[in-house]
Structures are given as C-alpha cells and as structure tokens.
Amino acid sequence: MTTMTIAKAINAGLRRSLESDEKSLLIGEDIGRLGGVYRITDGLMADFGTRRVIDSPLAESGIIGTCIGMALRGYRPVAEIQFDGFVFPGFNQITTQLAKMRARSEGRLTVPVVVRIPYGGGIGSIEHHSESPEALFAHTAGLRIITPSNAQDAYWMIQQAIECDDPVIVFEPKRRYWLKGEVDTERPALDPFKAQVVREGHHATIVAYGPLVPVALAAADAAEEDGYSVEVVDLRSISPIDFDTVIASVEKTGRLIVTHEAPTFGGIGGEIASRVSERAFLSLEAPVLRVGGFHMPYPVAKVEEDYLPGIDKLLEALDRLFTY
Amino acid sequence: MATTSQAGAVTDVPQAPGAAAADEPLIQLLDEHGELHADEKFSAYVEDVDAEQLRGIYRDMALTRRFDVEATALQRQGQLALWVPCRGQEAAQIGSGRATRPGDYIFPTYREHGVAWTRQVDFAEMLRIFRGVSNGGWDPRENNFHMYTMVLAAQVPHATGYAMGINHDQADWDAERRAAEGDAVVAYFGDGASSEGDVHESMVFAASFDAPIVFFCQNNQWAISVPFEVQSKVPLATRAAGYGFEGLRVDGNDVLACLAATRYALEHARRGDGPVFIEAVTYRMSAHTTADDPTKYRASAEEQEWEPKDPVARLETYLRASGAGDDAFFEQVAADADEMAAGVRAKAFTFPDPVLEDSFNNVYAEAHPLIREESEWFRQYDAGFADNHTGGAR
Ligand SMILES: Cc1ncc(C[n+]2csc(CCOP(=O)(O)OP(=O)(O)O)c2C)c(N)n1
Ligand SMILES: [Mg+2]
Numbered sequence: 005m006t007t008m009t010i011a012k013a014i015n016a017g018l019r020r021s022l023e024s025d026e027k028s029l030l031i032g033e034d035i036g037r038l039g040g041v042y043r044i045t046d047g048l049m050a051d052f053g054t055r056r057v058i059d060s061p062l063a064e065s066g067i068i069g070t071c072i073g074m075a076l077r078g079y080r081p082v083a084e085i086q087f088d089g090f091v092f093p094g095f096n097q098i099t100t101q102l103a104k105m106r107a108r109s110e111g112r113l114t115v116p117v118v119v120r121i122p123y124g125g126g127i128g129s130i131e132h133h134s135e136s137p138e139a140l141f142a143h144t145a146g147l148r149i150i151t152p153s154n155a156q157d158a159y160w161m162i163q164q165a166i167e168c169d170d171p172v173i174v175f176e177p178k179r180r181y182w183l184k185g186e187v188d189t190e191r192p193a194l195d196p197f198k199a200q201v202v203r204e205g206h207h208a209t210i211v212a213y214g215p216l217v218p219v220a221l222a223a224a225d226a227a228e229e230d231g232y233s234v235e236v237v238d239l240r241s242i243s244p245i246d247f248d249t250v251i252a253s254v255e256k257t258g259r260l261i262v263t264h265e266a267p268t269f270g271g272i273g274g275e276i277a278s279r280v281s282e283r284a285f286l287s288l289e290a291p292v293l294r295v296g297g298f299h300m301p302y303p304v305a306k307v308e309e310d311y312l313p314g315i316d317k318l319l320e321a322l323d324r325l326f327t328y
Numbered sequence: 002m003a004t005t006s007q008a009g010a011v012t013d014v015p016q017a018p019g020a021a022a023a024d025e026p027l028i029q030l031l032d033e034h035g036e037l038h039a040d041e042k043f044s045a046y047v048e049d050v051d052a053e054q055l056r057g058i059y060r061d062m063a064l065t066r067r068f069d070v071e072a073t074a075l076q077r078q079g080q081l082a083l084w085v086p087c088r089g090q091e092a093a094q095i096g097s098g099r100a101t102r103p104g105d106y107i108f109p110t111y112r113e114h115g116v117a118w119t120r121q122v123d124f125a126e127m128l129r130i131f132r133g134v135s136n137g138g139w140d141p142r143e144n145n146f147h148m149y150t151m152v153l154a155a156q157v158p159h160a161t162g163y164a165m166g167i168n169h170d171q172a173d174w175d176a177e178r179r180a181a182e183g184d185a186v187v188a189y190f191g192d193g194a195s196s197e198g199d200v201h202e203s204m205v206f207a208a209s210f211d212a213p214i215v216f217f218c219q220n221n222q223w224a225i226s227v228p229f230e231v232q233s234k235v236p237l238a239t240r241a242a243g244y245g246f247e248g249l250r251v252d253g254n255d256v257l258a259c260l261a262a263t264r265y266a267l268e269h270a271r272r273g274d275g276p277v278f279i280e281a282v283t284y285r286m287s288a289h290t291t292a293d294d295p296t297k298y299r300a301s302a303e304e305q306e307w308e309p310k311d312p313v314a315r316l317e318t319y320l321r322a323s324g325a326g327d328d329a330f331f332e333q334v335a336a337d338a339d340e341m342a343a344g345v346r347a348k349a350f351t352f353p354d355p356v357l358e359d360s361f362n363n364v365y366a367e368a369h370p371l372i373r374e375e376s377e378w379f380r381q382y383d384a385g386f387a388d389n390h391t392g393g394a395r
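Protein sequence lines correspond, in order, to chains B and E. Numbering of the first sequence is given in this note's numbering, commencing with residue 5 and proceeding in unit increments. Numbering of the second sequence is given in this note's numbering, commencing with residue 2 and proceeding in unit increments.
One thing to keep in mind: the hints can contain errors.
[As the list claims (entries may be wrong)] Subject to a maximum C-alpha distance of 30 angstroms in a straight line, what follows is the list of computed BS3-like cross-link-like pairs (lysine-lysine):
| # | chain 1 | residue 1 | chain 2 | residue 2 |
| --- | --- | --- | --- | --- |
| 1 | E | K310 | B | K27 |
| 2 | E | K234 | E | K310 |
| 3 | B | K256 | B | K27 |
| 4 | B | K104 | B | K27 |
| 5 | B | K198 | B | K256 |
| 6 | B | K184 | E | K310 |
| 7 | B | K184 | B | K198 |
| 8 | E | K297 | E | K234 |
| 9 | E | K234 | B | K198 |
[As the list claims (entries may be wrong)] To list a few chain B residues with every Cβ distance to chain E over 10 angstroms, as calculated:
| # | residue |
| --- | --- |
| 10 | S60 |
| 11 | G66 |
| 12 | Q200 |
| 13 | F285 |
| 14 | H299 |
| 15 | D310 |
| 16 | D316 |
[Claimed, not checked] A few chain B positions that, by computed beta-carbon distances, are all more than 12 angstroms from chain E:
| # | residue |
| --- | --- |
| 17 | G39 |
| 18 | G53 |
| 19 | C168 |
| 20 | E190 |
| 21 | Y232 |
The set of hints was computed from the structure by calculation and includes no laboratory data. Every residue, glycine too, gets a C-beta built ideally from N, C-alpha and C.
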C-alpha cells in the first residue's frame, strides 16, 4: 500500500502500462515536455521517449483520428484531451468513427483507444474548463465510459482501460486530482465496469460518481447526525451502468438520489431513475430524485457554487425523500 | 520545400526544424535596432504616419504593456482566477488593430488585449472574464469587437461567415465604393490554433467565396509548451498559397510593418479581391498564462534571444533617435499608464457579483419551461438559506 494523489495514481498506472505493453503509447497537447497541464504524464516522455509519449499538434480531431489509425495498426493509444470543453473538435471522430468501427466492420476491427478527459467544475476556472459532458458520450453505443473517484481506482482503471479491446473514455475528476488515498499496486483490481457500495446504509441510497463521491459521502455523514442511515454507491462506470448493484441497494433502502455535476435534463440520472422504476418499482418508498446541474451552460466561476450539487442540495433532497 | 528530381518524382528536402522559417522573407520596416527601412510595396501603406501618430502608437503599446503588468499583479493577489499575458505581442496587436476601421468586425482569440484597446474596449472590461463574473465581458456590438473565444480556432469560421455576409450586403457596390465605405473582417488566432481543422475549413470557404477577411496569425512560437515546429514545417504564411490567396510573413515585433501589412490586406479584402493571410512572427515573452511555468519546457537562452527584439523598446529607440519623442514624452506616457492601471484596479473591485438568475435568464431568447421550473426551484431553495448563509447555498 502506498499513499498517492489521484493525479499520481493515474501517472503511475500509465507508467505501468507503458512498461508492460510495448504497443501502448500516449498522445496529446502538452503531455510530453510539460507533462500535461495537470502534470498527469509528468516524467513519462523523459523515461519512454518521444515515440511513446507524443506532444501532438493542436488539433483534437487529429488526435482522436490518428489514435484510431494507430489502433488499426496494432497500437493501444491513450489520448489526453486537455479539458472537458475542448473535446468537441474531436467529437466527430469519437462518435462517428471510434464508437462505430467495430460494428461497421462486422466485428473484424477493434480500436482499443483510450481517451482521457479531465472533467467537472469547482475549480474557479474560466469558460469550457469545468464541464461534464459524459451524457453526450454515453448516448453513443460503442464507447465505454468510466470515471474513478479515488486513487486506488484511478491507478487500476486507467490500466484496465488500456487493456480493454473497446474504446474507453476515462473521465478524470479534475478537482479531485490532489485527493490522496491508499493504492494497492498488487491487489487484483475491481472490474472497472462495476459499481461499488462505498458506504453502507439502510434508509436511502445516493448514487454518485467521479468528483461527487466525496460530496455524497459527506452528505451521508451529515444525515447520520439526524439519525438517517444513507448508503452511497460509487457508480464508477457510466457506460455500461451496473444496474444490478444500484437496484440491490434500492431494494434495501427504498429511496434513491442520483447526483452528478452534469445537467439533470437528459443526464445519466434520468437513465438510472427509469431503470429503477422498471426493475424496482415496488421497492420505492418515494420517487427517485436527481440532484444535478441546471439547464444552462456551465456558469461563471463566481456562481458555480450555486450551480453545483453540494452537501446542502443532497440534504434537501434527502429531506424530500424522507417526508414524501 | 519539395523539389522535383530528374526522374520527376517529388522528394522532400530535409530541413532542420525552424530552418525553413528563418530563410523565408519577412516584411520589416523598423528593425530591432530601431532603424527604419524602405520597402517597395509596404512603405507606402504607412506614409501618412507622422511623429504625432507614432507617439499615439507608442502610447497604445505602452498602455497595453502596463495593463498586462497590472492584470498579472491582480491575478497574483487572488483578484483574478487567471490572466493571459500579451507581453511581447504589442506591436502585432496595436499595428493590426489600428489598421482597422470602425465598421470592420474583429474576431479575437483570448490574448488580444492590445487589439481590444485599439477598438476602444475599456481595459477594465477585459478583466471580467478572468475575474469569473462574465463569460463575455464587453458588448461586442459596441465596437465591432467580438468576445474572446476560448475554444481555439472556433471563431475563425464565424469570422469567415461574417465576411461572407458583408459580401452579400455589398454585392452591388463597385470596387471604388467598397474601398471607401466597405467593411472587412479580421480573425486572430495563434500558431497552435492554426492546426485546428476550423482554420483549414475557414480558409477554404474564404477563398471559394472571396470573403473580405484577413486571417491574422500571431505566431508567438509557442502553444503552451509546444514549439512552433510541431505545428508546421513551413512558415504558416506559405500555406495561404495552397488555398489560393496571398500570405504575408511580417515581423510581428515591428509595429509599422504590422500596420502596413494589415492595411494592405484589408484594402485587398475590402475591394472584393478575397482574403489575405498574415503571419506575424513574434514571441510570447511571458508565460502562457499565470498558471503556466515556462521553465518546464523552454530555455531561458531563447527568451534572452528575443529580449532585444522587444517591440515597445524598439519603437522607443526610434522615437528618441528621430526626435519624435523626448524624455518628457516618455515620462508622460509612463505617468498616464500608471494612472490607467490604478483606474483599472479600482474598477475591477467594483464589478458586481453575478447571480445565478442571470445565467438562467440568458440561455434562451424566448420563455422556456425548464428554465422557469429550475430557476423557480433554485429561488425557493436559496431563500431557505436566507437566515444563515452569506455566500450562497452549497
Ligand atoms: C480546442 C482547444 N483545444 C485546447 C485548448 C487548450 N489550450 C488553450 S491555449 C492553448 C495553446 C494555444 O496556442 P496558440 O494557438 O499558439 O495561441 P497562444 O496561446 O500562443 O496565443 C491550448 C492547447 C483550447 N483552448 N481549445
Ligand atoms: Mg502561440
């Protein structure tokens, strides 16, 4: 066991993949000499050279498109998109090409590309640096989407993503990059596409992922003081979603909140709510509630606290569940 | 770059990175020693620039630099989330900006504080974005100066479309009328952004429709930590030929060359003769942003190499040598700059804090049920904290 930040854990995971699989390589803007604007790839170019760690020209469609080409040639490229809001010049390549290559080729071609995207807000930044666009990708079949919330998962999930034969988008909770946690570099990793109960409880369930897992845990702690026992499920995988774990929790607690920074409308929470109503309708003591971002472009930094789901909003939602 | 061998096959002549660029001609009127040179084609475009105008140009550049220093200080003091310095690019920005007419429409990226100033945008207004109180900052219609765009190159197709609109509006005008009254567009982007597909597509459109647009690329040698050589093996200006229009490579630290080249290009575009691409060769003398540490990726020797090419110092040398500016003038400019900086600082503290309600209200032009529902929910939710909260609910 070693203590690492999430940033360091991803760095260590990437390093291990570069060591163990000679076909793996990294490409992105500023990831080489600088080590990335968040230093996630720090030191990797120095140790693995400019063929394995590539400072790309400034073009996201080019980054994703060439990753697809390299994958067709037998490589396992890991693309870094510098910020959530800058993935969109590459959106065409991700949704029309990366996601569909296997299906179009009738299973003949696989494109094991990993796209790493730092995402989410709460960092007081300027426009396009705080977004949570995961639902836009989740709506596209052919992409697997995972998001670690702690160092242990960060270390393993990036390696599992690289090993996966399907394209995987790894959304990295950038405001938690400096969150420290224990990492077991020996322990066999959990399945990256499974959810995990990170806090047991029996009155209500909060499903969270990425940056909001610590918020959900804090809200559960606060609710405990009022005598409520809240279970927290870290979703971990956004596509596929491990509905079995979610349903099992709801069957136990009877109440569910899904929270994400992304706008509520058209979001992952809606998908979970409808699955739960399909599969566990009679277990529900109250309607499933969603606590998410509003239907607006991510607002300016001065009001992001009002925009983001936080402990108070979760407590308010719990209140509604318990008084229903 | 490519030569035809005797067998007729095209072979690449290997070049050291940057070598091609160094050999390429550079339009220069005022060299780095502050000496004036005549240029057959471009001198004529600054013939009218007398001592009075030159002092005005210098003043714009010096104020821009002072503003940049003040904004950097404000960021360091925690008053701005981030600052994007423009130090070193004042000549490219003031020169090109001063070449525009009020009816022209300008699409900047995010570092064009000097251009903004030439368009009468108040320096303080430029801080709103970086203080996190606005995503726009100023009213783009007021001075025909568009908002900053953070998604690199995304504004370049907009600029092209705007120029196509001008073409439609002025389709019946003859060249003379267009030259006298016609509008044009300038699109600013960096060496890094030049790699984005949006720039390519814009140039295709602009060429196909003879759009009255000047593509003004400030090649400051760096895209954060990535050197120019990663973006292009050839001077960017040479790319224009591939699209079928003229490309000019200009000394971006020579304000007269930038003014002359942009005037020439705008005249060309305005007349209806189609786009022109200007590559202003300059240098980002500061960090990429206040969040960046250039010692991680570039040698201080390179920074020192560019130091003597400083655009502001260069003009000062010329003004002093030519007698157009004396000590009293420079002291006055410095005093004006300090006063401006103090004003900017004071104003930055008076920006009202935005409220989430504004964000709801600005999403759609027409009433929208989801906005109504969510903003009403938030209003009630937030009111629940009225007794005990100071800075908003969490
Ligand atoms: C589409 C997009 N990708 C990535 C970024 C992140 N980013 C911000 S500035 C920058 C470098 C820009 O370099 P250049 O175009 O040369 O302009 P300069 O900053 O030098 O003025 C990058 C990669 C972005 N803003 N937009
Ligand atoms: Mg640049």
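The hints, checked one at a time:
1. E:K310 with B:K27: violated (45 angstroms)
2. E:K234 with E:K310: holds (23 angstroms)
3. B:K256 with B:K27: Violated, because 45 angstroms separates the two Cα atoms, which is more than 30 angstroms.
4. B:K104 with B:K27: The given pair, whose Cα atoms are some 22 angstroms apart, holds under the 30 angstroms limit.
5. B:K198 with B:K256: holds (18 angstroms)
6. B:K184 with E:K310: violated (46 angstroms)
7. B:K184 with B:K198: Holds: K184 of chain B and K198 of chain B sit about 22 angstroms apart, inside 30 angstroms.
8. E:K297 with E:K234: Between K297 of chain E and K234 of chain E the Cα gap is close to 24 angstroms, so the pair holds against 30 angstroms.
9. E:K234 with B:K198: violated (47 angstroms)
10. S60: The claim breaks: S60 of chain B does not keep its Cβ more than 10 angstroms from every Cβ of chain E (closest is about 8 angstroms).
11. G66: At about 7 angstroms from chain E, G66 of chain B fails to clear the 10 angstroms cut-off, so the statement is violated.
12. Q200: Non-interface label stands for Q200 of chain B: nearest chain E Cβ at 26 angstroms, farther than 10 angstroms.
13. F285: Correct as stated: the minimum Cβ-Cβ distance to chain E is 25 angstroms, above 10 angstroms.
14. H299: Given that some Cβ of chain E is not farther than 10 angstroms from that of H299 of chain B, nearest at about 5 angstroms, it is violated.
15. D310: At roughly 4 angstroms from the nearest Cβ of chain E, D310 of chain B sits no farther out than 10 angstroms, so the non-interface label is violated.
16. D316: The claim is violated: D316 of chain B sits with its nearest Cβ about 5 angstroms from chain E, within 10 angstroms.
17. G39: For G39 of chain B, whose nearest Cβ neighbour in chain E is about 7 angstroms away, the distance does not exceed 12 angstroms, so it is violated.
18. G53: holds (16 angstroms)
19. C168: holds (28 angstroms)
20. E190: holds (33 angstroms)
21. Y232: Since the minimum Cβ distance to chain E is about 19 angstroms, Y232 of chain B lies beyond 12 angstroms and the statement holds.
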